[in-house]
Amino acid sequence: MDQAVHQPASPAARRRVWAFNGGLHLPDHKRESTGRPVRPAAVPQRLWLPLQQHIGEPAQPVVSVGDRVLKGQLLARPEGAISAGIHAPTSGTVVAIGPHPVPHASGLSAPCIELASDGRDAWAELPEPWPDFEARDPAELRERVRWAGIVGLGGAAFPSSVKLSPKAGQPIHTLILNGAECEPYITCDDMLMRERADRVVEGARVLRHVVGAGTVLIGIEDNKPEAIAAMQRAVAAAGDARIEVVVIPTKYPSGGERQLIRVLTGAEVPSHGIPAQIGIVCQNVATAAAVADAVVHGRPLISRIVTLTGEGIAQPCNLEVLIGTPARELIAQAGGYTARVAKLILGGPMMGFALPHDDVPITKAANCLLAPSRAESPPHPAPLPCIRCGRCAEACPVGLLPQQMYWWARAKDLDKTQDYNLFDCIECGCCAHVCPSHIPLVQYYRYAKTEAWAKEQEKRKADQARQRHEQRVARLERLETERKAKLRKKKEELETPPADAGAEDPKKAAIKAALERAAAKKAALAAEGLAPRNTEELTPAQQAQVDAAEARRAATAPAGAQSEE
Amino acid sequence: MLVAIAIFTLLAAVFGLLLGYSARRFHVEGDPIAEQIDHLLPQSQCGQCGYAGCRPYAEAIAAGEVEINKCAPGGETVMLALADLLGRDPVPLDAAIAGEKPKLVAVIDEARCIGCTLCLQACPVDAILGAAKHMHTVIASECTGCELCLPPCPVECIAMLPVPQTQRTWKWPYPDAARPAIAARPEAA
Chain A
57 MDQAVHQPAS
67 PAARRRVWAF
77 NGGLHLPDHK
87 RESTGRPVRP
97 AAVPQRLWLP
107 LQQHIGEPAQ
117 PVVSVGDRVL
127 KGQLLARPEG
137 AISAGIHAPT
147 SGTVVAIGPH
157 PVPHASGLSA
167 PCIELASDGR
177 DAWAELPEPW
187 PDFEARDPAE
197 LRERVRWAGI
207 VGLGGAAFPS
217 SVKLSPKAGQ
227 PIHTLILNGA
237 ECEPYITCDD
247 MLMRERADRV
257 VEGARVLRHV
267 VGAGTVLIGI
277 EDNKPEAIAA
287 MQRAVAAAGD
297 ARIEVVVIPT
307 KYPSGGERQL
317 IRVLTGAEVP
327 SHGIPAQIGI
337 VCQNVATAAA
347 VADAVVHGRP
357 LISRIVTLTG
367 EGIAQPCNLE
377 VLIGTPAREL
387 IAQAGGYTAR
397 VAKLILGGPM
407 MGFALPHDDV
417 PITKAANCLL
427 APSRAESPPH
437 PAPLPCIRCG
447 RCAEACPVGL
457 LPQQMYWWAR
467 AKDLDKTQDY
477 NLFDCIECGC
487 CAHVCPSHIP
497 LVQYYRYAKT
507 EAWAKEQEKR
517 KADQARQRHE
527 QRVARLERLE
537 TERKAKLRKK
547 KEELETPPAD
557 AGAEDPKKAA
567 IKAALERAAA
577 KKAALAAEGL
587 APRNTEELTP
597 AQQAQVDAAE
607 ARRAATAPAG
617 AQSEE
Chain B
926 MLVAIAIFTL
936 LAAVFGLLLG
946 YSARRFHVEG
956 DPIAEQIDHL
966 LPQSQCGQCG
976 YAGCRPYAEA
986 IAAGEVEINK
996 CAPGGETVML
1006 ALADLLGRDP
1016 VPLDAAIAGE
1026 KPKLVAVIDE
1036 ARCIGCTLCL
1046 QACPVDAILG
1056 AAKHMHTVIA
1066 SECTGCELCL
1076 PPCPVECIAM
1086 LPVPQTQRTW
1096 KWPYPDAARP
1106 AIAARPEAA
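One line per chain: the protein sequences are A and B, in this order.
For the first sequence, position 547 matches number 603 in this note's numbering, and the numbering has no gaps at all.
For the second sequence, position 18 matches number 943 in this note's numbering, and the numbering has no gaps at all.
Just so you know, the hints here were simulated from the structure itself, not pulled from any lab data.
Possibly wrong hints are sitting among the right ones.
To be verified - Examples of chain A residues toward chain B, derived with CB under 8 Å: (1) 496; (2) 518; (3) 522.
Heads up, the beta-carbon is just placed ideally off N, CA and C, and yes, glycines get one too.
Bound conformation, chain A alone (with noise of 0.2 Å):
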């Protein structure tokens, strides 16, 4: 066995590993959760699957309260480039979308699909397995990641087909897989390289194809030699020379995406950047076993590895969940609480958060359930004030000026946080865990990036309103211009004397031409000796009745018409 170990091919001890600024050595707490084998938890009667897991835009749900669903369906469809889709668990009816309880930090509910399990757990039809993935297009197999709802497992949760997705002139040379799993308690992704390396290593051969890699770098620290054992083993079965196991000194956080670049290619992602530009794609193991799932079985994203442990849970161990499980069952199923459980986080001790309730579903990005004892996890003591000792900018991991942040951020000064690269603090928890006045160091960069987002996001809209606001006061303007214009123009038609009215009044004019028309016909007739008979030979009744009505005509008229005749 130990001959693989030492593979010529995977020359774990010769190759060369760069050394990262500051960071911790923790007590890594991993073996409580390590003795027993990851078993699969029970399929729980309801999942509440949250409509956002991810970074990026919330997934559009397609099914309908009511409908009947079979495991692995897709429930909610990505919405915009940067997006995962939901899939079914396992079948059920959808039994109400709408706001639920979620792990955030915040706190808040958020929409989440509630799916009933029929307990059935009867498959849909799945897309064809790609075993030969390697005469397939890259696009089509980011494709199908994208279908398969792949977000980063490490913790961030970004759609791994975005991260896929070379720009053009980046060529990606070296493809690095993290199994560093650096935060003490986290044990989840050991156990998946212990038990299923093979897996792992195939999502390792797909993404090189995806990316177009030359070189694959799984980089693992040296606290794990089982799962480094199991993953030069499965290495040495593929027979792929081009991955390679690297193992790494423990350090938190050596599993920190630019942490672990700089550790094993001693290349700097630049600030703001991201490792593509330097030629690198960077994603966790668990991932990469995702992808195999989802191109090599054509099976989508529905079920994780979690760790659940600390003092807090009767046997810690590992559970293979379905995403939407809630924290509850999976405590029970771990044997329930101790009675030292002091809190409940979710995450690990350096960077994840408190839940205020166990009643949370598992996401995609929740790799760990840790219920520490007060022991364990004591409470934060008040903090002191700042003696500018200097010990958290030698344990800042990124090269930062941590107490400089923290003085700008205290002050609500958020353009100078920014000044001293506030941005590229990963919020890993070293420079708060060596404080020796107990500054909660972390809390105030997390306080002034959200707070500089949000200006952001305000700033936008006030951008937006003003525009609105002028396109609107031109409007008005324009249509009181036009307005005026009109008014203008009617009464200058008003005002115009008649100069030539018979041309300008059409009614005048039809009169004045009906007049001349029947003059004429009467001066034609005249000439012709013809003239109107009914004025002739008229009987001595018919006289006398025309010579009435001429003297009353005369009586009545006015003196005007009169002279008219």
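With chain A fixed as given, assemble chain B onto it according to the hints.
Same frame as chain A, now just chain B:
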């Protein structure tokens, strides 16, 4: 002596001409200070400052006619930003607008709306959609919460509701020295 006078007269004439030329050549239309002030204002166009929108208020501030503490939606943040920009001393917010309000959005009760279009004419950012004798509705993403549509409505069918907080708009609170950073206890414990 005379030479000195001549030199300085000449210099004065040259620089005078130069200044006169540049004043014409590099003339700036509008008031750049008013522009900068306008960019700090929240653009809700609500008129609570007594001016018909943010731009007129910005111009009035630039002209020195009015204090910088009249902007209600901007609150203290905008007042401080203005004080910073203009080099003036911060002043307490005007008593009439003191007390910051949560962000609001107008919502029309569509069943009660009679389609009179009066609110459409009042909205400074064209965020209300509708036509005569047809139901109106507010485009929530464009509404600045200025409340200018409330007075003209003859049937009082417009309500101002607080914008609900979501995961995306939630902000980490300012660390409170008295309270530990993580202090929750699971209920089931």
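Outcome of the hint check:
1. Among the interface hints, the one on residue 496 of chain A holds; its C-beta lies about 4 Å from the nearest C-beta in chain B, closer than the 8 Å criterion.
2. For residue 518 of chain A, the interface hint holds, since its Cβ comes within 8 Å of a Cβ in chain B; the closest pair sits about 4 Å apart.
3. The interface hint given for residue 522 of chain A is met, as the beta carbon of that residue sits about 4 Å from the closest beta carbon of chain B, less than 8 Å.
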